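Trainee: The listed protein sequences correspond, in order, to chains E and R. Here the first sequence is numbered in this note's numbering, starting from 1 and rising by one per residue. Here the second sequence is numbered in this note's numbering, starting from 302 and rising by one per residue.
Accuracy of the hints is not assured; some may be wrong.
[Said to hold, decoys possible] Taking lysine-lysine pairs in the DSS-like style, the calculated list, with each CA pair at most 27 Å apart, reads: (1) E:K169 / R:K426; (2) E:K260 / R:K470; (3) R:K394 / R:K303; (4) E:K192 / E:K254; (5) R:K555 / R:K572; (6) R:K520 / R:K580; (7) E:K2 / E:K30; (8) R:K303 / E:K271; (9) E:K219 / R:K426; (10) E:K123 / R:K377; (11) R:K331 / R:K377; (12) E:K219 / E:K169; (13) R:K426 / E:K93; (14) E:K125 / E:K260; (15) R:K572 / R:K377; (16) R:K377 / E:K125; (17) E:K169 / R:K561; (18) E:K125 / R:K394; (19) R:K580 / E:K271; (20) R:K426 / R:K580; (21) R:K424 / E:K76; (22) R:K520 / E:K169; (23) R:K601 / E:K125.
Calculated directly from the structure, the hints in this document are not laboratory data. Since we're looking at a predicted model, the values are computed, not measured.
This is what each chain is made of:
There are 2 protein chains.
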Amino acid sequence: MKTYIGVDLGGTNVRVAKVDEEGNVLQIVKDSTEIGKGTEHVIAKIISLIESIDGYDDCVGIGMGVPGPVDTVNGKMVLATNLPGFEGYPIAKRIEDHFHKPTFVDNDVNVAGMGEAVLGAGKGKGIVYYVTISTGIGGALVVDQHVVAGKNGHAGEIANIIIDRNREKVNYLNVGAVENEASGTAMTRKGKAVFGIDAIAHAGDVFDLARKGNAEALKLCDDMAYDLAIMFSVIAHVVDPEVFVVGGGVMKGKDVFFEKMENYFRNMIHKGMQTVEFKEAELEEPGIIGAAMLPKAYVKD
Amino acid sequence: MKTYIGVDLGGTNVRVAKVDEEGNVLQIVKDSTEIGKGTEHVIAKIISLIESIDGYDDCVGIGMGVPGPVDTVNGKMVLATNLPGFEGYPIAKRIEDHFHKPTFVDNDVNVAGMGEAVLGAGKGKGIVYYVTISTGIGGALVVDQHVVAGKNGHAGEIANIIIDRNREKVNYLNVGAVENEASGTAMTRKGKAVFGIDAIAHAGDVFDLARKGNAEALKLCDDMAYDLAIMFSVIAHVVDPEVFVVGGGVMKGKDVFFEKMENYFRNMIHKGMQTVEFKEAELEEPGIIGAAMLPKAYVKD
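Working from the sequences, and respecting the hints, build out all of it.
Mentor: Structure, rendered in structure tokens:
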């Protein structure tokens, strides 16, 4: 069976795995990124991690997931907030020149969406829109098992979608951007405002209060459900996906908001679009498996 | 040079053209649809129009544009409000069985988007989002010269995108749906409300008042510009297109709203997305040329 190398390069850790074509992780190694020591140090570390994998030289190709928007054609990061020095750095070419194997790089959310589309909850579906709701909100469009990354690698930057123009300005994102209204961070902020700074450490505390029937917490969850429904309806009207695959830590609270969200959503889309499904993300390691699926998708047999 | 047959089947007229691979319309014929006489009558008419084209039998394939969402895989209309009887009718197969040539059908807006992406203002671009602002608002996503029609043919049903949840309910579309707030029909409705029923016959009358410096008309145009900017920003965050190609009759008033719209829009998207361009639609016959481009895109040489 063919195998692929997946690399998950984050600001803190870099992880490398050998993955087979069915998405099984055969071996996985990791190390700290040590970005402070510079790009060449990080590249040398990635190379050494790959070479520590049994039979790495038999792999078809290498795929990398990185945080931030990517110029996938040239294999470079467009923005590298968490990996200073890598903005515009020819990361794919450096790895490809060393191993002489086709190497691809894409944004970590796109890569996770790819993993879910090819092998996870979106397996067998034509148009998959992957959404992760965590501290932030991100998305990825996967059409026929290929990521549509966008002209500037910004496809799926759904955090900035305006779901209500009448909100407070929170940060650099748009007024009423969905990430500032319905992410884990937003729920924490809103929970602190209602229940006090000490009562709420994270969104899960708001969800717990909602589970106990607290009316104010239920209201926060209902608002969140409505805000997310607008976001999902907007995406649906733009690309009409077959399935939304939804992941991220906030889904731990799905029992208090997801059914409400879906009901609102279905009232916001046309009758002919109702076959769209919602599925929860399935892969334990979507980032690294998805990265390994990049060469699977792009290397012609 | 290869040639293709394009069919533009509307509720009132059906037009058929022979188009070469550069998009030149070599011959065009038309007739009234007479949908009241039934589907078989319409099919016989389409066949007869195609057979009236010189050298129709040398064409590579046939493409058809129809009003409403289409199941492109099975070549059937999902909804056929303007073509009663054609919902679920195997229109592509009927034409293909007669001519023994590959036949494709898609929504008329998708087909126009295809025409603009392949041969018009989006020529040579990777990800094109076509938007038509007319009596209604429609869109089409074209990736690498292939239309992404969506699971139910509803990709590009951007009319229903919510740009402000705090508006009046107008019709079956969502409260605050962009088509009810910023289309030609919406501008006519709003103009009548401000200036009186007799003062405004169509959106162009509002634009004329704005050109004369009328403050209320300028306010309506400014609101329209902001509403459209939210719609474009949402689409940009979902798919990050290389270019928006914008067509439709309302663009006749572009001098009073488009620059404002683009300024608002650029303040709603990330710095890294600013390379996105706006171009006005170029083709005189995007519907029929785009229809002819369906076999060009989907028939492998």
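Trainee: Now tell me, hint by hint, if it's right for this structure.
Mentor: Hint check results:
The straight-line distance between the Cα atoms of E:K169 and R:K426 is roughly 35 Å, outside the 27 Å bound, and the hint therefore fails. Distance hint between E:K260 and R:K470 is fulfilled; the C-alpha atoms sit about 22 Å from each other, no more than 27 Å. For the hint linking R:K394 to R:K303, the alpha-carbon distance of about 22 Å falls within 27 Å, and the restraint holds. Using a Cα cut-off of 27 Å, the hinted pair E:K192 and E:K254 holds, with the two alpha carbons roughly 20 Å apart.
For the hint linking R:K555 to R:K572, the alpha-carbon distance of about 25 Å falls within 27 Å, and the restraint holds. Of the supplied pair hints, the one linking R:K520 and R:K580 holds, its CA atoms being roughly 25 Å apart against a limit of 27 Å. For the proposed pair E:K2 and E:K30, the alpha carbon gap of about 22 Å is at most 27 Å, so the pair holds. With a C-alpha separation of about 40 Å, the suggested pair R:K303 and E:K271 falls outside the 27 Å cut-off, and the hint is violated.
With a C-alpha separation of about 45 Å, the suggested pair E:K219 and R:K426 falls outside the 27 Å cut-off, and the hint is violated. About 25 Å separates the Cα atoms of E:K123 and R:K377, which keeps this hinted pair within 27 Å; it holds. For the proposed pair R:K331 and R:K377, the alpha carbon gap of about 22 Å is at most 27 Å, so the pair holds. For a cut-off of 27 Å, the pair hint linking E:K219 to E:K169 stands: about 21 Å separates their Cα positions.
Restraint check for R:K426 and E:K93: the C-alpha separation of about 24 Å stays at or below 27 Å, so the hint holds. For the suggested pair E:K125 and E:K260, the alpha carbons sit about 25 Å apart, so the restraint of at most 27 Å is met. Using a Cα cut-off of 27 Å, the hinted pair R:K572 and R:K377 is violated, with the two alpha carbons roughly 42 Å apart. Taken as a hint, the R:K377 and E:K125 pair is honoured in the structure, with Cα atoms around 20 Å apart against an allowance of 27 Å.
A threshold of 27 Å between alpha carbons decides the hint, and for E:K169 with R:K561 the separation of about 22 Å falls inside it, so the pair holds. For the suggested pair E:K125 and R:K394, the alpha carbons sit about 24 Å apart, so the restraint of at most 27 Å is met. For the suggested pair R:K580 and E:K271, the alpha carbons sit about 32 Å apart, so the restraint of at most 27 Å is broken. For the suggested pair R:K426 and R:K580, the alpha carbons sit about 12 Å apart, so the restraint of at most 27 Å is met.
Note on R:K424 and E:K76: the hinted pairing holds, with a Cα-Cα distance of about 25 Å set against a maximum of 27 Å. Taking the CA atoms of R:K520 and E:K169, the gap is near 24 Å; set against the 27 Å cutoff, the hint holds. Only pairs whose Cα atoms come within 27 Å are accepted, and R:K601 paired with E:K125 is accepted, the gap being roughly 23 Å.
In the structure shown, a violation is registered for the earlier hints numbered 1, 8, 9, 15, 19, in ascending order.
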